[in-house]
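Visitor: So the sequence lines, in the order shown, correspond to chains A and B. Taking the working numbering as reference, the numbering of the first sequence is continuous, increasing by one, and the terminal residue is 326. Taking the working numbering as reference, the numbering of the second sequence is continuous, increasing by one, and the terminal residue is 669.
Among the hints, a few may not be true.
[As the list claims (entries may be wrong)] From the derived model, a few chain A residues whose C-beta atoms are all more than 12 angstroms from chain B:
hint, residue
1, Ser288
2, Arg300
3, Met301
[What the hints assert, rightly or not] To be clear about the criterion: a stretch of chain A counts as covered by chain B if any three or more of its residues have a C-beta under 8 angstroms from a C-beta of chain B, and this derived list gives those stretches:
hint, segment
4, 64-71
5, 98-110
6, 240-246
7, 289-295
Simulated from the structure, these hints should not be mistaken for laboratory data. All C-beta atoms, glycine included, are put in the ideal place defined by N, C-alpha and C.
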Amino acid sequence: MNRLMQATLNRQAWAARPWIWSYVAAVLVLIATWSFTGGAGAGELLSGALSFSAFFAVAGLGQMLVITTGPGNIDLSIPANIALSGALAMKVMNQQDSLIGLGVLAVVGCGLSIGLFNYVLIRLLRIPPIIATLSSSFLVLSVAIVYGRSVRIQPPEGVYQFATGKVLGVPWVALLVMLLALMMAILLKRTRLGWGALAIGQNPRAAALAGIPVERIRCCVYMVSGLMASLCGLLLAGFSGGASLSMGEEYLLASIAVVVIGGTSVGGGCSNVPGVWGASIFLYLLVSMLNTFGLGAGVRMILTGCIIIAVITAVSGSAVSQAKAR
Amino acid sequence: MSIRSLSQTALVLMVAALTTTAHADTADRRIALSNNYAGNSWRQVMLESWQKTTSKAVEDGLIAGADAYTTAENQATEQAAQIQNLILQGYDAIVIDAASPTALNGAVRQACDAGIVVVSFDGVVSEPCAYRISMDFPASGVEEMDYIAQRFPDGANVLEVRGLAGVSVDELIHQGIEAGADKHPQLKVVGSVHGNWSQTAAQKAVAGVLPSLPRIDAVVTQGDDGFGVAQAFENSGRPLPIIVMGNREAELSWWKKQHQANGYETFSISSSPSISSLAFWVAQQILDGHEFPKDLRSPPTRVTQDTLDDALDGLAPGSILTEPYTVDDALSLKAATSSQSAE
Chain A
1 MNRLMQATLN RQAWAARPWI WSYVAAVLVL IATWSFTGGA GAGELLSGAL
51 SFSAFFAVAG LGQMLVITTG PGNIDLSIPA NIALSGALAM KVMNQQDSLI
101 GLGVLAVVGC GLSIGLFNYV LIRLLRIPPI IATLSSSFLV LSVAIVYGRS
151 VRIQPPEGVY QFATGKVLGV PWVALLVMLL ALMMAILLKR TRLGWGALAI
201 GQNPRAAALA GIPVERIRCC VYMVSGLMAS LCGLLLAGFS GGASLSMGEE
251 YLLASIAVVV IGGTSVGGGC SNVPGVWGAS IFLYLLVSML NTFGLGAGVR
301 MILTGCIIIA VITAVSGSAV SQAKAR
Chain B
327 MSIRSLSQTA LVLMVAALTT TAHADTADRR IALSNNYAGN SWRQVMLESW
377 QKTTSKAVED GLIAGADAYT TAENQATEQA AQIQNLILQG YDAIVIDAAS
427 PTALNGAVRQ ACDAGIVVVS FDGVVSEPCA YRISMDFPAS GVEEMDYIAQ
477 RFPDGANVLE VRGLAGVSVD ELIHQGIEAG ADKHPQLKVV GSVHGNWSQT
527 AAQKAVAGVL PSLPRIDAVV TQGDDGFGVA QAFENSGRPL PIIVMGNREA
577 ELSWWKKQHQ ANGYETFSIS SSPSISSLAF WVAQQILDGH EFPKDLRSPP
627 TRVTQDTLDD ALDGLAPGSI LTEPYTVDDA LSLKAATSSQ SAE
């Protein structure tokens with residue numbers, strides 16, 4: 001009897017934390033890679049995973065907040081935003097450490113404006129978010145093309161050192177993103193904006209009737225997403241020695257994938273901060289593992305698809321049992 | 327050298343002598359560029375080159391118009407629809423950088439049937455009625471391996487960075503690398519990743535696979551990925567391998583910096599983005615009544631240690647090395663390929 005209760009409790013503990021699956025998957029993939037290489041380069045791989053997943057995680061956190069506000073809400077302007085912000089940062093900083101502060105301000109302003117612009121399209125022109133953010137992404141990318149035609153300006157030494165530096169083997173970027181994730185968790189759990197976003201995601205009508213300023217919160221949510229994407233652009237440009245137009249491309253699907261794999265409900269109303277990070281690490285390790293195995297591109301893509309489906313099934317399976325447990 | 331190729335050469339020379347007077351025949355013709363993608367530096371320079379060449383040609387009265395159209399989504403279906411629109415708009419020639427070698431064939435056929443000259447370049451189409459201008463991609467792969475073999479006569483571990491999986495150009499260069507590995511058995515390809523022709527993607531892919539690899543002596547790339555590879559190696563703390571570059575300014579600047587610091591030497595090869603102007607001149611010449619073979623090879627642009635400084639001179643940051651093509655280049659292209667096929 002006691003044992004049964006214990007098992008039920010365990011089950012509930014797992015079910016309440018769908019993000020665990022992304023970490024489980026990441027660890028399994030890591031073990032598989034290590035067993036293939038005989039443990040060679042273990043630290044190198046882990047450290048690389050922390051740096052590269054940090055970029056996915058930043059963009060993913062913004063996307064997560066948007067998706068939290070319910071069906072239909074999505075930000076497709078993230079890749080273009082990353083391209084523009086990276087270019088803007090490198091141009092404003094102009095390789096000088098003294099201009100870093102100004103560059104960061106410009107990037108923050110750029111991200112918030114893109115978010116606001118998205119919201120204006122959605123609200124004033126009554127365009128569905130998926131179309132609004134897609135079309136704004138074309139506009140933003142065009143600006144990036146015109147503005148940043150010659151964008152591979154090296155980052156200032158300070159930014160480069162920060163983006164590629166490590167402390168005790170842990171990349172600075174990873175620490176920064178951990179901080180951002182923590183702030184996002186606090187925002188969701190402890191602030192009116194976070195509560196409001198969750199409430200809107202669960203039922204926008206009920207939220208409005210309960211006196212939650214639905215539109216103001218949606219506006220903030222898109223602005224935060226824009227801000228996160230632009231920070232991602234800045235860090236990425238610093239990390240890879242300059243911005244490029246195609247730099248954000250993979251973030252269109254990746255930013256959504258890390259949110260879903262991380263256990264955030266696509267239907268909204270339920271978000272999951274640790275899962276975004278876990279899923280980012282998992283995705284990076286997965287690609288590295290398949291590359292390490294030396295499989296052909298076709299097989300790699302099929303396996304990537306199958307493994308992602310498996311993880312999402314595990315995540316949503318636990319979400320269902322969670323719902324039943326209630 | 328047969329009599330046939332001799333007479334062909336003579337013909338070409340005659341044509342070359344006549345071209346300056348033959349131009350005016352295309353003054354009322356219009357050429358369109360159908361392009362599937364604009365989101366990287368190569369395509370940007372390609373479009374710029376098109377714009378520069380064609381606006382001059384319009385100004386000189388050689389052609390009535392030469393508009394460039396780029397699809398937003400890099401989808402073959404979208405580009406097929408775009409080509410159908412261009413047919414309806416009554417262009418006399420359509421120059422295509424195609425999203426797919428096969429998926430546009432239906433639309434290309436329609437254009438040919440409507441009497442429109444179709445010239446594809448870079449991303450070429452397989453429809454027989456169209457002209458194709460591209461670099462000899464497999465040969466460039468072999469050339470990369472030749473360079474490495476010459477640098478490492480006693481053998482080397484090579485990492486291959488490929489392009490976008492599923493795109494024909496990636497497959498062609500890869501075939502060249504494989505042929506090079508067969509030709510130089512001392513070179514061992516110990517790993518292969520897809521860098522998607524993007525510095526950031528290449529950096530990530532290489533950083534992910536490096537921990538599992540032995541010492542890497544050399545890296546072969548496909549262009550727009552060499553700088554990312556260098557970043558991955560610098561961050562990993564491993565010794566820098568010989569990275570074959572792809573003519574991007576970032577890559578060449580990095581190379582120069584390394585050379586000044588420690589005598590680093592490498593080699594760079596890629597197709598020139600101004601191949602769009604070459605395609606324009608070919609289309610214009612065909613409209614003017616000249617005959618070309620359907621398959622044309624454009625020469626690759628190379629950079630060696632000796633030409634590095636010249637290559638970097640005047641190259642804008644973020645740009646890519648390009649060679650301006652003139653109408654004479656289009657004609658000499660024709661000469662080179664026809665004498666080749668006659669041999």
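Visitor: Of the numbered hints stated previously, which ones are contradicted by the structure, given in increasing order?
Guide: Numbers 1, 2, 3, 4, 5 - these are the hints that the structure violates, sorted from lowest upward.
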